[in-house]
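Undergrad: What follows is the residue order along each chain.
Protein chains: 2
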Amino acid sequence: MMSIAQFQQLIRDMYLEKDLARGVDGTFMWLMEEVGELASCLRHGTHEERLEEFADVLAWLTTIANVVGVDLTEAVSRKYGLGCPGCGQVVCSCAAAEKP
Amino acid sequence: MMSIAQFQQLIRDMYLEKDLARGVDGTFMWLMEEVGELASCLRHGTHEERLEEFADVLAWLTTIANVVGVDLTEAVSRKYGLGCPGCGQVVCSCAAAEKP
Numbered sequence: 016m017m018s019i020a021q022f023q024q025l026i027r028d029m030y031l032e033k034d035l036a037r038g039v040d041g042t043f044m045w046l047m048e049e050v051g052e053l054a055s056c057l058r059h060g061t062h063e064e065r066l067e068e069f070a071d072v073l074a075w076l077t078t079i080a081n082v083v084g085v086d087l088t089e090a091v092s093r094k095y096g097l098g099c100p101g102c103g104q105v106v107c108s109c110a111a112a113e114k115p
Numbered sequence: 016m017m018s019i020a021q022f023q024q025l026i027r028d029m030y031l032e033k034d035l036a037r038g039v040d041g042t043f044m045w046l047m048e049e050v051g052e053l054a055s056c057l058r059h060g061t062h063e064e065r066l067e068e069f070a071d072v073l074a075w076l077t078t079i080a081n082v083v084g085v086d087l088t089e090a091v092s093r094k095y096g097l098g099c100p101g102c103g104q105v106v107c108s109c110a111a112a113e114k115p
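Residue numbers (our numbering), protein chains in the order written: chain A, 16 to 115; chain B, 16 to 115.
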């Protein structure tokens, strides 16, 4: 079991100092590189490789949240904690073409 | 408190059926749109708007993980649970230019 807050703290301990020094723009570039690797992996990768790329995208996203002081637990609880933000249902009933 | 697994289940309940029908490629396009909104928000957004965009990127990333059967808790525990994958330390000591 790992909470979103525990993961955010783990990434904070591991990388905050370096990522603060690098700044948001440079850190976002690393996120983009990992997003590209994830795309490639979704097409051609094994399950093991996908595990790794999802972890990396999550880690870079989380470190950017740390740099700008966003609490991810607060973020997802507010937006998704009460159901789909589009239709308000637990099982989304928005039209397929709509943005949820 | 919300665990990564609880969030992944919430997103599964909310969106899996629609996202399975849409497929990985189409769902990845939504992720990219949200990544673009996050970038814009990091430049020009308020704290409230950033909370929302981080939540959206996390949600789309999570729904893609659901579509391809990746457990995000397993993913991050394996990759980051024992320290930085680059240097093995809890507080990363990789050179700044290196990919952690």
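Don't read these hints as lab results, they were simulated from the structure. A portion of the hints provided could be inaccurate.
Identical copies carry no separate label here, and so any pair may be met within one copy or between two of them.
Taking lysine to aspartate or glutamate pairs in the EDC-like style, the calculated list, with each CA pair at most 20 Å apart, reads [what the hints assert, rightly or not]: (1) Lys33 to Glu89; (2) Lys94 to Glu64; (3) Lys33 to Glu48; (4) Lys33 to Glu52; (5) Lys94 to Asp40; (6) Lys33 to Glu64; (7) Lys94 to Asp28; (8) Lys33 to Glu63.
Predicted model only: the values in this text are computed from it and were never measured.
Undergrad: Starting from the hint list further up, note which numbers the structure goes against and sort them upward.
TA: 1, 4, 5, 6 and 8
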